[in-house]
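One line per chain: the protein sequences are A and B, in this order. For the first sequence, counting from 1, position 206 maps to 206 in the numbering used here; every step adds exactly one. For the second sequence, counting from 1, position 145 maps to 145 in the numbering used here; every step adds exactly one.
Quick caveat, the hints were computed from the structure, so don't treat them as lab data. Because the structure is a prediction, the values reported are computed rather than measured. Wrong hints could be hidden among the right ones.
Pairs involving identical chains hold if they fit within one copy or between any two copies, as the list cannot separate such chains.
[Claimed, not checked] The calculated BS3-like cross-link candidates involving lysine-lysine, where the alpha carbons are at most 27 Å apart (straight line), are:
1. Lys154 - Lys2
2. Lys211 - Lys237
3. Lys2 - Lys153
4. Lys225 - Lys237
5. Lys225 - Lys211
Residue-level listing of the chains:
There are 2 protein chains.
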Amino acid sequence: MKVAFQGEPGAFSEQAARIMYPEAAPEPCASMQVVFESVTGHVTARGVIPIENSLFGSVHINYDLLRMHNIQITGELMLRIRHCLMARPGTEIQDIVRVLSHPQALGQCQDYLRRHLSHAEPVPAYDTAGAAKLVARASESGAAAIAPRHAAKKYGLRILAEGIESHAQNYTRFLALALPIKAATLPPDDRAYKTSIAFALRSNVPGALFKSLAVFALRELDLHKIESRPLVGSPGKYLFYLDVAGSRAEPTVQRALGHLEEIAAELRVLGSYPVGRVWDDEVRPEGAWA
Amino acid sequence: MKVAFQGEPGAFSEQAARIMYPEAAPEPCASMQVVFESVTGHVTARGVIPIENSLFGSVHINYDLLRMHNIQITGELMLRIRHCLMARPGTEIQDIVRVLSHPQALGQCQDYLRRHLSHAEPVPAYDTAGAAKLVARASESGAAAIAPRHAAKKYGLRILAEGIESHAQNYTRFLALALPIKAATLPPDDRAYKTSIAFALRSNVPGALFKSLAVFALRELDLHKIESRPLVGSPGKYLFYLDVAGSRAEPTVQRALGHLEEIAAELRVLGSYPVGRVWDDEVRPEGAWA
Numbered sequence: 001m002k003v004a005f006q007g008e009p010g011a012f013s014e015q016a017a018r019i020m021y022p023e024a025a026p027e028p029c030a031s032m033q034v035v036f037e038s039v040t041g042h043v044t045a046r047g048v049i050p051i052e053n054s055l056f057g058s059v060h061i062n063y064d065l066l067r068m069h070n071i072q073i074t075g076e077l078m079l080r081i082r083h084c085l086m087a088r089p090g091t092e093i094q095d096i097v098r099v100l101s102h103p104q105a106l107g108q109c110q111d112y113l114r115r116h117l118s119h120a121e122p123v124p125a126y127d128t129a130g131a132a133k134l135v136a137r138a139s140e141s142g143a144a145a146i147a148p149r150h151a152a153k154k155y156g157l158r159i160l161a162e163g164i165e166s167h168a169q170n171y172t173r174f175l176a177l178a179l180p181i182k183a184a185t186l187p188p189d190d191r192a193y194k195t196s197i198a199f200a201l202r203s204n205v206p207g208a209l210f211k212s213l214a215v216f217a218l219r220e221l222d223l224h225k226i227e228s229r230p231l232v233g234s235p236g237k238y239l240f241y242l243d244v245a246g247s248r249a250e251p252t253v254q255r256a257l258g259h260l261e262e263i264a265a266e267l268r269v270l271g272s273y274p275v276g277r278v279w280d281d282e283v284r285p286e287g288a289w290a
Numbered sequence: 001m002k003v004a005f006q007g008e009p010g011a012f013s014e015q016a017a018r019i020m021y022p023e024a025a026p027e028p029c030a031s032m033q034v035v036f037e038s039v040t041g042h043v044t045a046r047g048v049i050p051i052e053n054s055l056f057g058s059v060h061i062n063y064d065l066l067r068m069h070n071i072q073i074t075g076e077l078m079l080r081i082r083h084c085l086m087a088r089p090g091t092e093i094q095d096i097v098r099v100l101s102h103p104q105a106l107g108q109c110q111d112y113l114r115r116h117l118s119h120a121e122p123v124p125a126y127d128t129a130g131a132a133k134l135v136a137r138a139s140e141s142g143a144a145a146i147a148p149r150h151a152a153k154k155y156g157l158r159i160l161a162e163g164i165e166s167h168a169q170n171y172t173r174f175l176a177l178a179l180p181i182k183a184a185t186l187p188p189d190d191r192a193y194k195t196s197i198a199f200a201l202r203s204n205v206p207g208a209l210f211k212s213l214a215v216f217a218l219r220e221l222d223l224h225k226i227e228s229r230p231l232v233g234s235p236g237k238y239l240f241y242l243d244v245a246g247s248r249a250e251p252t253v254q255r256a257l258g259h260l261e262e263i264a265a266e267l268r269v270l271g272s273y274p275v276g277r278v279w280d281d282e283v284r285p286e287g288a289w290a
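Take the sequences, apply the hints, and build the full model.
Here it is, written out as structure tokens:
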């Protein structure tokens with residue numbers, strides 16, 4: 001089985017794909033659009049995309065792609081983002097004159113850089129795995145990258161320091177995508193499920209959001225996520241993203257969604273899937289893939 | 001008066017600062033943290049920060065900084081993000097061999113690049129204004145940047161094409177920051193106000209979010225934004241960001257916030273301010289600053 005992800009080999013998205021599908025072969029794609037097309041076009045059986053980060057928020061363009069494609073969410077994973085300092089074997093910390101990484105990663109590791117590498121120049125790069133690739137191929141020595149742990153293995157670099165980010169609460173939530181299956185055939189197993197939906201409200205209906213949430217609250221269905229997204233240029237018009245506890249194979253969830261359809265101008269069920277694991281390399285046993 | 005912003009001169013944040021404070025001198029800062037510190041430290045009277053983008057979501061780290069600092073939101077602006085292709089005078093489209101920009105901007109202009117610049121190599125750069133600066137200083141010719149319109153003026157570049165992004169709904173919402181003033185002294189003028197708050201709920205209280213929203217719905221106060229942010233590692237614990245119509249100088253809003261305090265584990269009012277303008281360079285009269 002193949003799993004499409006966006007980015008360079010060694011990117012966090014590839015790690016997410018491998019954790020979610022340990023038996024599958026990850027396929028790098030140039031853009032998120034290509035990840036979706038490789039699933040709808042039967043090129044890969046699954047796609048894995050980042051949907052939100054605990055520091056940088058929801059990836060709205062991926063919600064747009066979810067709404068535009070005939071595709072379903074089939075799983076999720078919360079991946080702890082840990083940054084490592086890596087360089088070519090033989091390069092020691094005192095030899096480093098340049099540190100390459102994505103600007104966000106450089107920012108998150110600012111305290112470490114100030115304390116240990118104040119003599120080195122931070123150099124912004126396209127992405128973290130891309131920075132590791134550049135360091136591996138650089139003609140001069142003295143370059144290091146801040147990148148995911150397993151980018152080091154990928155590009156033959158040596159890890160000099162691990163977990164060098166200042167902010168501890170850095171997680172990215174990934175979604176697995178597949179072609180839709182019929183709602184009635186959803187497996188009612190004993191795991192906890194959640195259902196992701198996107199809906200729009202008729203404008204100028206006072207308290208419409210409150211009514212929308214009542215369809216869940218009155219049925220005692222817990223919400224895992226709620227987010228409004230203003231449609232700029234259409235004052236008062238919003239899209240809402242909502243994750244509700246339960247599978248749409250359950251009658252209560254079905255009735256709540258039917259009720260919401262009476263209120264919403266547009267409703268799209270993006271998928272029902274088991275509540276995902278939180279994955280942190282540091283708390284995995286030795287020998288686990290990541 | 002001075003206004004702090006994060007980024008290179010010519011960045012969209014500088015444009016936002018100039019539109020919101022036409023008489024003030026914008027001060028570039030190395031990080032968002034420095035923008036906040038320059039306001040709390042009385043170095044600048046105001047700061048301007050991006051808080052959400054219509055394609056890329058909320059900037060959670062700026063919400064964290066808002067909660068951590070004794071600072072108030074005093075205004076907002078929705079800025080239409082338009083990308084321009086620019087190069088040194090004398091360089092024509094057919095001469096271009098490299099196009100520098102932030103990866104997000106390169107992605108948004110992919111269709112244009114494919115149609116008009118398929119012979120040129122896209123080169124990712126730190127930020128859009130930084131790309132313009134690099135092009136202005138490059139030793140070889142044949143380089144172009146995708147950057148905000150007024151970065152061209154700043155770095156002596158010539159605009160070859162304007163509004164080259166594919167996705168029309170690209171807006172960034174900026175907030176203006178200032179030291180807090182006493183709530184009672186808020187000017188009750190005739191403009192429409194909104195109030196931004198952040199709150200946390202006691203975990204394991206069923207329907208707590210629904211009750212929280214009831215304090216506004218039952219008083220017929222409209223919501224402009226609602227967003228949950230899971231605290232990963234604390235299952236079931238969430239932070240909520242909410243914008244409600246009205247100023248906290250109004251008794252109804254005050255009562256709603258008092259009521260919310262009974263339900264929430266933590267409540268922070270981030271500011272009351274006039275509802276911001278939507279600014280689009282293309283619909284401004286000639287001669288306007290931007």
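Q. Which hints, by number, does the structure contradict?
A. none
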